[in-house]
Amino acid sequence: PANPWQGGWFFTAAPQGAVGSFGAALSRIHTTGDWIEWRLRAPAQGEYRLWFLYSAANRPFGFADLADRTQVQVDGGVAVPLRNLPDSPAFRWAQVATLQMTEGDHVLRWTNTRGGVLNLDALLVTDDPAWNPNNRGTRPAAGRQAVTVQAEAFINAQCKEMVVPQAATAAGFRDRFQFHLADMKQYRSQGIEVHIFPGNGAANAILSVAGIDQASRTLRVDPRFNAELEIRPGSRYFVANALEELNAPGEWALDAASGTLYHWPRVPNFERLGVVAALLDRLIEFKGDAAKNQWVEEVTIKGFQFSDTAYTRPASVLSPADAAIWLTGARRCVIERNQFVNLGGHAVRIEGGSTANEIVGNHIVDVGQGGVILLGDAATQPRDTLIAGNWMQRLGRVFAHVGGVYCLGATGTQVRHNRIEQVPRAAIAFQSVDARTQSHGNTAEFNDIQHACMATTGSGGIEVLGRHKADTGNIIQHNRILDTTGLGGTDDGKLLSPHGAAGIYLGEFASGVTVRGNIVSRAPLGGLVLYGGRNNHIENNILAEGAAQQVLFAVPDNFAEKNRLVRNIFFFSGPQAALYKHAVSWRPQVLSEVDGNILWHAQGGGFFNNAVVTPLGDFKKWQATGLEPNTVIANPGFAEAARDNFQMAPTSPALQKGFQAIPADKIGLPGFARSWKR
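Counted the way the working numbering counts, the sequence shown spans residues 1 to 678.
Everything labelled a hint here was simulated from the structure, so no lab data went into it. Backbone N, C-alpha and C define an ideal beta-carbon position, used for all residues, glycine too. Where hints are given, some of them may not hold.
[Unchecked claim] Below 27 Å or equal to it, Euclidean Cα-Cα: the simulated BS3-like pairs (lysine-lysine) are: (1) Lys657 / Lys677; (2) Lys160 / Lys494; (3) Lys494 / Lys562; (4) Lys302 / Lys621; (5) Lys562 / Lys657.
[What the hints assert, rightly or not] Ranges of calculated distance between the beta carbons of each label pair, as one might list FRET restraints: (6) Ala210 / Gly259: 16 to 24 Å; (7) Asp595 / Ser307: 46 to 54 Å; (8) Leu181 / Gly259: 31 to 39 Å; (9) Leu496 / Ser316: 19 to 27 Å; (10) Gly259 / Asp492: 40 to 48 Å; (11) His180 / Ala278: 48 to 56 Å; (12) Gly143 / Asp105: 15 to 23 Å; (13) Gly658 / Thr490: 21 to 29 Å.
Produce the complete structure using the sequences and hints provided.
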């Protein structure tokens, strides 16, 4: 796309051929030239009456009947004008035309030829001239038939403003989707791909196109490489590797069958500059066997540039894991002061029980996946890895469910003093997905994070996942997290951004996490999301300028309890923003201690007592239940919050209340002697 994050996308259409139901109508069909097609089967050859279950209100436009303003055609044949469509505020059955049909399947096309408002619930054809569907409980005469089609079960349509009811959209498929008529060509090229964000948009998939049916507006993909997640209405996508779409410098397409690469060069004589075709998905692999105590150990890789690797189809769109360097069964190895640029995968992958390795002072930029990925189950996960002083930027150019450092089963990882910016999902993630794959005892500290979650939603600048519902012992402290973005969409194909992302995201029952001394500003879901977890300690943080709220408590069940929220500074200016909000439900047991916080809003202290800022209403109602008796509404006196300078004078009420100054000068690359030097 023209804009790799938010521009140039197509969007999937609502599924067609849905069974639908009475009471779910197509609406806002009113523009001259609008047309809709349905497929129906005539049980026998003969003359059929066509009935519409409709409502209309056209008197304000100068006419009170849609007679002769619309038409139908059977299989593209003679146009038959529709009559007997007077204004009706309530839905009613009306006989609108007589059609000749042969036995078998037909396509019925309705067209609005002269304009006029029509809302359509259902249509039917019957070969019984005496039967009226308004007579409930009656059936056509013996030997006669009636065929009903729900209006929302259309197979094709082109309507400028038609609204399809949500009830009409069936569950998504993994191996096909509907497209809008103008979006998809009938390509002749082979090897066409679709890059799509299925499900809720948390990850993307690359699908091989198996066929395109223009009649039903259906694109089918190779079932061996399906989307894994359901493709829902409004999923964004683009088409790749289609020779017909080569229309700008820098674009290319590969015809694998003939071995021909087509390229539109940016500069003349480009071949003199060198042409690279990436074939290898990795460049260096350390392959020991930790279980047998056979280690690759004490090897240092320093001062190299790694470029031009390929990527493979991941086993799961949620865990792409290609990398230039693989560490398997490696111990006390060092990867330092290298550049990783233009890769198809990550820079480094660590697995197979690897222990006490260091990834320090590297520059990772413009890569297809993430920075460093660590993965394994209880027996094979990496341990005691140091990832420090690295500058990571513009990650996830191919796959989006990646970030700077992703632990998908790792223990004792120290993620320190990194600068991580412009990533599609979380900059740092500690994920425990089940009882076997756990990320416990990891620390993220002194990291400088900007512009995380640029392509996905439901995450944060730093994310902890805890599906196994156990305390993790992970620590998030002294990080600076600014401008977490979040990108989602609607069923009708509208992008939403900033949207659905937090500065720190304790997701899916993440528990036993310490969140201390962080500076978080400007995230749509606020500085912190606490999703159903327990025993989390949130203290001494600056959580600023959350768009919707500063803390979101998502409480899906009774597991959430005994969380502490103490000595934090909440500072925001949005006139509609809240201090705390809840999702699904609220239980006071979620918090075992909430007190000693400093609150301030740009409108002044009165804002908290005149607005719904907590799950219980205004702040006075919150305090009336015994919560936060020692919290103070006062301006903390930041030096220049608008420029992200959150230093405070000694006289600040926050410091006087016991808030500990955050060592901001140590955050990021400057705070670590072995950091990458620009």
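Hint check:
| no. | hint | result |
| --- | --- | --- |
| 1 | Lys657 / Lys677 | 39 Å, violated |
| 2 | Lys160 / Lys494 | 15 Å, holds |
| 3 | Lys494 / Lys562 | 39 Å, violated |
| 4 | Lys302 / Lys621 | 60 Å, violated |
| 5 | Lys562 / Lys657 | 23 Å, holds |
| 6 | Ala210 / Gly259: 16 to 24 Å | 22 Å, holds |
| 7 | Asp595 / Ser307: 46 to 54 Å | 53 Å, holds |
| 8 | Leu181 / Gly259: 31 to 39 Å | 35 Å, holds |
| 9 | Leu496 / Ser316: 19 to 27 Å | 25 Å, holds |
| 10 | Gly259 / Asp492: 40 to 48 Å | 42 Å, holds |
| 11 | His180 / Ala278: 48 to 56 Å | 34 Å, violated |
| 12 | Gly143 / Asp105: 15 to 23 Å | 21 Å, holds |
| 13 | Gly658 / Thr490: 21 to 29 Å | 45 Å, violated |
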